[in-house]
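These protein sequence lines map, in sequence, to chains A and B. For the first sequence, UniProt numbering begins at 1 and goes up steadily by one. For the second sequence, UniProt numbering begins at 1 and goes up steadily by one.
No lab work stands behind these hints: they were computed from the structure. All C-beta atoms in this analysis are idealised placements derived from N, C-alpha and C, irrespective of residue type, glycine included. Please note that a few of the clues may not be correct.
[To be verified] Simulated coverage check for chain B against chain A, where a stretch passes if three residues somewhere in it have a Cβ under 8 Å from a Cβ of chain A: (1) 91-100; (2) 205-211; (3) 323-330; (4) 347-356; (5) 404-415.
[To be verified] Below 30 Å or equal to it, Euclidean Cα-Cα: the simulated DSS-like pairs (lysine-lysine) are: (6) A:K344 to A:K297; (7) B:K90 to A:K130; (8) B:K55 to B:K90; (9) B:K381 to B:K302; (10) B:K30 to B:K49; (11) A:K37 to B:K30; (12) B:K87 to A:K22; (13) A:K107 to B:K364; (14) A:K80 to B:K377; (15) A:K80 to B:K449; (16) A:K326 to A:K314.
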Amino acid sequence: MKTDPKYKTVIGMEVHLELKTKSKMFCGCSAYHFQIKPNTHTCPVCLGLPGALPVPNKKAIDWCILIGLALKCQPAFESKFDRKNYFYPDLSKGYQISQYDLPFCQKGFLEVENKKIRINRVHMEEDTGKLIHKKIDGRAVSLVDFNRSGVPLVEIVTEADIYSSKEAIEYLKKIQQIVRSLEVSDCDMEKGSMRCEANISLTNNNKMANYKVELKNINSFKFLKKGIEYEIKRQKEILISKKNPIQETRGFNEKTGKTFSQRSKEEAHDYRYFPEPDIPPIDISKNQLEQIKKELKELPDEKFIRFTVELGLKERDVQVVLKNNKTTQYIESLSQLASKDELKELLKIVVNKRVDIRKVSPKKLVENFRNKKTAKLIGKDLLLKIIIKVIKDNEKAVKDYKKGKLEVIGYLIGKVIAESKGKSDPQLVKKMMVEKLKNGI
Amino acid sequence: MLNQLTIIQALKGLQEKKFSSQELVKDCLKNIDRVDKKIGAFITVSRSKSLEKAKKVDNLIKTNPSIFKEKPLLGIPMALKDIYSTKGIKTTAGSKVLADYIPPYDATVVKRLKKAGAIIIGKTNLDAWAHGSSGENSDFFPTHNPWNLKKVPGGSSSGSAAALSSSQCLMSMGTDTGGSIRQPASFCNLVGLKPTYGRVSRYGIISMASSLDSIGHFTKTVADSAFVLQITAGQDSLDATTPNVTVPNYSNKLTKPNKELKIGLPKEYFSEGVDSQMRKTVEIAAGLLEAQGHEIINVSLKTTKYACPAYYIIQPAELSSNLARFDGIRYGNSRSFFGDEAKRRIMLGTYTLSSGYYEAYYLKAMKLRSLIISDFKKVFKEVDLLLAPVSPFPPFNLGEKVNDPLKMYLSDVLTISVNLAGLPAMSLPCGFTNDNLPIGMQFIALQFKEEVLFNVGHQYQQLTDWHKKRPNI
Numbered sequence: 001m002k003t004d005p006k007y008k009t010v011i012g013m014e015v016h017l018e019l020k021t022k023s024k025m026f027c028g029c030s031a032y033h034f035q036i037k038p039n040t041h042t043c044p045v046c047l048g049l050p051g052a053l054p055v056p057n058k059k060a061i062d063w064c065i066l067i068g069l070a071l072k073c074q075p076a077f078e079s080k081f082d083r084k085n086y087f088y089p090d091l092s093k094g095y096q097i098s099q100y101d102l103p104f105c106q107k108g109f110l111e112v113e114n115k116k117i118r119i120n121r122v123h124m125e126e127d128t129g130k131l132i133h134k135k136i137d138g139r140a141v142s143l144v145d146f147n148r149s150g151v152p153l154v155e156i157v158t159e160a161d162i163y164s165s166k167e168a169i170e171y172l173k174k175i176q177q178i179v180r181s182l183e184v185s186d187c188d189m190e191k192g193s194m195r196c197e198a199n200i201s202l203t204n205n206n207k208m209a210n211y212k213v214e215l216k217n218i219n220s221f222k223f224l225k226k227g228i229e230y231e232i233k234r235q236k237e238i239l240i241s242k243k244n245p246i247q248e249t250r251g252f253n254e255k256t257g258k259t260f261s262q263r264s265k266e267e268a269h270d271y272r273y274f275p276e277p278d279i280p281p282i283d284i285s286k287n288q289l290e291q292i293k294k295e296l297k298e299l300p301d302e303k304f305i306r307f308t309v310e311l312g313l314k315e316r317d318v319q320v321v322l323k324n325n326k327t328t329q330y331i332e333s334l335s336q337l338a339s340k341d342e343l344k345e346l347l348k349i350v351v352n353k354r355v356d357i358r359k360v361s362p363k364k365l366v367e368n369f370r371n372k373k374t375a376k377l378i379g380k381d382l383l384l385k386i387i388i389k390v391i392k393d394n395e396k397a398v399k400d401y402k403k404g405k406l407e408v409i410g411y412l413i414g415k416v417i418a419e420s421k422g423k424s425d426p427q428l429v430k431k432m433m434v435e436k437l438k439n440g441i
Numbered sequence: 001m002l003n004q005l006t007i008i009q010a011l012k013g014l015q016e017k018k019f020s021s022q023e024l025v026k027d028c029l030k031n032i033d034r035v036d037k038k039i040g041a042f043i044t045v046s047r048s049k050s051l052e053k054a055k056k057v058d059n060l061i062k063t064n065p066s067i068f069k070e071k072p073l074l075g076i077p078m079a080l081k082d083i084y085s086t087k088g089i090k091t092t093a094g095s096k097v098l099a100d101y102i103p104p105y106d107a108t109v110v111k112r113l114k115k116a117g118a119i120i121i122g123k124t125n126l127d128a129w130a131h132g133s134s135g136e137n138s139d140f141f142p143t144h145n146p147w148n149l150k151k152v153p154g155g156s157s158s159g160s161a162a163a164l165s166s167s168q169c170l171m172s173m174g175t176d177t178g179g180s181i182r183q184p185a186s187f188c189n190l191v192g193l194k195p196t197y198g199r200v201s202r203y204g205i206i207s208m209a210s211s212l213d214s215i216g217h218f219t220k221t222v223a224d225s226a227f228v229l230q231i232t233a234g235q236d237s238l239d240a241t242t243p244n245v246t247v248p249n250y251s252n253k254l255t256k257p258n259k260e261l262k263i264g265l266p267k268e269y270f271s272e273g274v275d276s277q278m279r280k281t282v283e284i285a286a287g288l289l290e291a292q293g294h295e296i297i298n299v300s301l302k303t304t305k306y307a308c309p310a311y312y313i314i315q316p317a318e319l320s321s322n323l324a325r326f327d328g329i330r331y332g333n334s335r336s337f338f339g340d341e342a343k344r345r346i347m348l349g350t351y352t353l354s355s356g357y358y359e360a361y362y363l364k365a366m367k368l369r370s371l372i373i374s375d376f377k378k379v380f381k382e383v384d385l386l387l388a389p390v391s392p393f394p395p396f397n398l399g400e401k402v403n404d405p406l407k408m409y410l411s412d413v414l415t416i417s418v419n420l421a422g423l424p425a426m427s428l429p430c431g432f433t434n435d436n437l438p439i440g441m442q443f444i445a446l447q448f449k450e451e452v453l454f455n456v457g458h459q460y461q462q463l464t465d466w467h468k469k470r471p472n473i
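Same shape as in the complex, but just chain B (with noise of 0.2 Å):
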């Protein structure tokens, strides 16, 4: 089965032409057809046109077989969170405001995917505009986990992760403003990676939270992820937020022996309130870890209770302000089509940022946010990563929380933090309930710092083969 594939994997075969992209992408467009019925994963599934390209592709590969040094990402069938603009193809964000909406540009890292040859197969679920946590806001249907199809699949990114834990994908692209990639992907067994703020560009993606908002992608593996990232990352002149940071060879460094780590295992985020497997399946892996000679050291993160609070003050604020664009003279429908969730978060952010208010939650907000931010800084001098649960609980079932924003935010509480200092982290599979659901891990490190997220992730998957496991579907 040519879907179950790595991306590495993929490639290798591509160019020693033990299959064509054509059969990968019917491949993947088979299982689409015989899953996505049962999932909902895609919103727009780009038959024709992935074809047509897998066909160029196989020419491209006949005639240059070199080819592959210019595309590194040749022939591979990705999806796209349908939050990144696609030219020429409907970008909804989830929401009926845009059901009809068709970009007339490329999001600055759809430019990149496709300039490194990767094929757009679809777009996929998600909660509306990304205000979820389970995947049940999407204003067209909602996503199931491919694991166990009564429970939700993790949000926002709930299509992303559904469509490649299905093997409907080789890779797929989320957002994670405040674990929208990392808790997804720890309930559907995948890695997920949530880069350093401005290590990826937002141009053309619809905004949730601006200063929040960071776009990363989902893989199988960690080497596959290091390999996204490579091309993904770097400064972009069309969002004045990505700095001038040098991206370094992420897939050379992935391999380089390891020098023995300091991995701190903040005590906050394995506390009474998360479930004690998640708990201890995490602290498994970190034995694992330590056998290798790593130390794992017992941390505080004292601020991770304004974590929260902070974050449901800042993130409402600057969203309010970002859908005012919304409003139907230009493109997509009228106001009156926003949902509930959209609608509850824009009251919030209006009424937190209105005169009078604005000291009392807003700036208290930020100013928690530097607290954070320290609070971060001071643990990093003493140790080189975080290790931590990524999910309080398990996968949850289809309108367990949906009813209850309040509980369904505090899903979030163990990413956030990670967002509101800006800093990049990675989820991990680590391991199964006693229900066979996926419990995920994740590795928190120093801005810019990537390639010890990927080198430590992906020496713990040299040990594990939690990662391989695929659902029954």
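Here chain A stands alone, though its shape is the one from the complex (with noise of 0.2 Å):
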């Protein structure tokens, strides 16, 4: 898409992760919800019931707090929970407990192709409850689901440094790819553990906007590079007839490519925040701060460098290997058992997927790739022999390959390779095979 040079994008992310604890935020009931039957998964405290009180966490709050170190943010020493008051029938309790002036984390950073977007706050609060509209009897009704209810949430929420679609969807993939080297989320946004709010408008002469449209409800990266798209472009045709954009939550529309209005400013909740009497303020201690950096391990960029620098493995196929946390750990074993110039092969072959990593541990690997390299090859004569064999017992291939059709010149390859059950050099075989064809056997 053309940008025109008089207005520039502003675009602030906020993401949702959903975090892998065994239990909900507050209480003791499971945090897993992904197509369990409904509300099996509650307890008094999840469903708001009446004198029911939350204990938080410890490790979702650990968990928050090494997303915030990853994302380079100054841990807080003392924090608190809040509460955010508002109504929707998915909500408990009337509030939802969360973090409003002292999240965990805050000032960190996150470098996106070699341009930094400040991290504003990384902070905690606890999933909703899931609305289930349907018809029973032919009666249109709203059911609740509450497994969701409690469950850890992350909130993760950058400056206005983003100034592109592109730009929005490379922060949200690193982001995605470090949290999930952290294991302390899935980050799937199908399945709804990570969702994404994008707060858009664009400046004219570097002034500062007088409004933001904020982007939400969208579940994949694909939509939601549309949905930003979209809204630069309705955006702009607002400020170029000189009007402006209004203040509103929208939401996108995947048959019509298009966003539409669900809540203007005047729609705007006040949350009547305060701090949440139910839970003593939080100290975080240096020790506790210590045993978390542990759990920090080397993030995915300088995972890369290592990689790329130290064992010279290919830029872009290392890139492949640091998407999935399996080949990554995949790929940390082999190194340990391999020497360099032998890694940069067995690279190739995970890559290119010639190894099912699922089912091949990497000791079988680097095994298996020994015994293939120092497996005797046949002799030349032997070789010859087998040549000539296949080319008696596949006429039509030969036929076929003397009319011009060049390619059945590897299924020959393949058959002589069978026949010499492997121990021949493919680059060999094809040489004489070739010469055989041409000047006859």
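Since each chain comes alone in its own frame, lean on the hints to assemble the complex.
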């Protein structure tokens, strides 16, 4: 999309991540809620029954701080929870326990394509239940499933440092990669364990915009990109016609590819934040912080540098590997077992999926690889005999080849290698085969 | 009359097999039938369940005479303020919103009391959601003071106080957010304990104002009060505001010889606004303690005048949020069932928390709260405990203040500072007005120093018999 130089796009992102802790944020219920029978992972606390009280999940707090540290944030030594008051049928208590002015982490940054995107804050809150709209006996009803109510959520908020849809998506992918590498969230957009909101506005002549449009409830990178691009276009048209876009929340229609208004500024909530009186303020000791730091493993960017610079692996291959925790771990194991030169070839095998890493252990792969290398090849005479046999046995293929269907050579080579039980060098077979076909047996 | 016994006397009788738990429960039920039509203390009476339980208790005692070691409250009929969640027993909070709500779980304290062998005889009336100082805000019916049926029993734990005072049970549980145990105790001639904030778990007790709610009880004597706290106190993994502070053996310390204490009389609690009968009676009690060798010192708590304004910002703010869950979607009736007082407080709290007002109201009130806390801290450097009247006036007539919320709010003026500071305090009988209405006084101690309250309170009750007087009804 061409951008008019007169208008600059400014985007701030809010990302919600569901942590994969065993239990919920404020009660002992299982936090797992995907495709579970409705309202089976519930108790008085997450149902908001009269008298029930929240007790914070320490693991979730540790993981929230861990994410913050991975995003180079400053962790708080004194923090607290606050209540965010609003009404919605999926919110069991009439308020969400969140953090307002003392989040667990603040002031970090993330480097995306050589540009620093500042992180304003990383804070902890709880997820809501889920509304299900159904028809029962011909009657339209709305049902509430509270299995998700109280699942730990980490919110990551950036400054308005993102200037295009492309940067926005790159940022999100990087967040996803980092958090997955920490193994604290699945970050799955489709399943809702990663949710993104973009605050989009356009500025003219470097002046701050006096509005922002919040784009939310989008569950894939693709649609988010389309949504942002549509918004930029829409807002620009309004600005060009000398009007001002209104401050509002908009959704995205996947069918039409357009955004649509969900809530305007006038309807915006006054959340009436105040400190959660049911949970005492939280002090984070140096000792606790040290423990969390120990969990902070090598981040994907650091790993990339080590793999490419120290181990001399190919950048493009490393990028592929780092997309997935399992392949990353696999390559790590291989690097312990193989030499640098071997590793380069092994990496190719893994990247080109010539091995099923779920079935073959790194140790086994290295073994196979070395065996193959040292396996004795059959002699040239024997090889020649096999080639002649294959040419004789495959008259049709040979005819096709001579007619100009050169690709059948691969088939013939394969036959030879099979006949030699793998003990032949494909390059050599090809050379000899071509010669034989050209000159006749 | 078995229902006249203290807990300790009743336990002794049960242990010595002078009577059975069934007889004890029946005697209370009989008294409920006899007097509660006039008093209106109970919303729910668990007649058959409590008799069934008593039968089981009697069997237990028969087969295992040493059972009282494991179950220190075995066979004692008690009443719970109807704001305590009780599994399978309707819990209304005195509000029509929850007129038919039956909790699927027990509050932690209910669990502990049941485990100790106590028998729930019924659930008592209260100002709806514990909003009030007279019991008249109950959405069902008002409770009458057993000492004079035209008078209020105090509130919000109105039914719990009236039920025990008229011997319909042997002990009762209440909640004290701004005086809701101490004030009705003083109006009904009972011992009312408001423990340190966090000493007793709030889990399962319907929240009023979370940072102020204290879970306490009514008993006939200080010794009984100490006995009950032994069971209810202690950290609860389900309530993050209960710290890990050891629970001392209160009953053992009760009779330990007193050291001479420094007792402070805060002059602000004896000011012109306080009825002279109340002041004088408490001063006489102070004199009695002085004669026992304690030192009485005049002290000042200058922030007392800020307690009411701070309290009536913080309390409605918190409760406006706490009542948000009663939307009628998952349980209970719709929000249109809220009574006037609840609506009034929801509006107040919602307003003061609103953007643009938060700093002017809530934040300022919290700053005042800090000042009140440090004021107490300063005074407790000079004294071991404080002694003061509980209510600025004796029990008033039903209907007298109910249409003037501000007057009603001022009933709490001598009790709310303690809640704002999270301190323990105990109200106990110290005399009667010319109209034969009970007068209470309160001792206030440092956080987690309930044993000091019990110690001096017990000593006082050894010297006086105000607490032994029962209403004629």
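Taking the hints in turn, this is what the structure says about them:
1. 91-100: Holds: 3 residues of the segment 91-100 of chain B have a Cβ under 8 Å from chain A.
2. 205-211: holds (count 6)
3. 323-330: Three-residue rule met by the segment 323-330 of chain B, so holds; n is 7.
4. 347-356: holds (count 4)
5. 404-415: With 0 residues in contact (Cβ-Cβ under 8 Å with chain A), the coverage given for the segment 404-415 of chain B is violated.
6. A:K344 to A:K297: 24 Å, holds
7. B:K90 to A:K130: At roughly 29 Å apart (the allowed maximum being 30 Å), K130 (chain A) and K90 (chain B) satisfy the hint.
8. B:K55 to B:K90: 23 Å, holds
9. B:K381 to B:K302: Distance ~15 Å between K381 (chain B) and K302 (chain B) Cα, so the pair holds.
10. B:K30 to B:K49: This hinted pair holds, its Cα atoms lying about 15 Å apart.
11. A:K37 to B:K30: 49 Å, violated
12. B:K87 to A:K22: Holds: K87 (chain B) and K22 (chain A) sit about 27 Å apart, inside 30 Å.
13. A:K107 to B:K364: Judged against 30 Å, a Cα distance of about 29 Å means the pair holds.
14. A:K80 to B:K377: 25 Å, holds
15. A:K80 to B:K449: 28 Å, holds
16. A:K326 to A:K314: 19 Å, holds
The structure fails hints 5, 11 (numbered hints given earlier, in ascending order).
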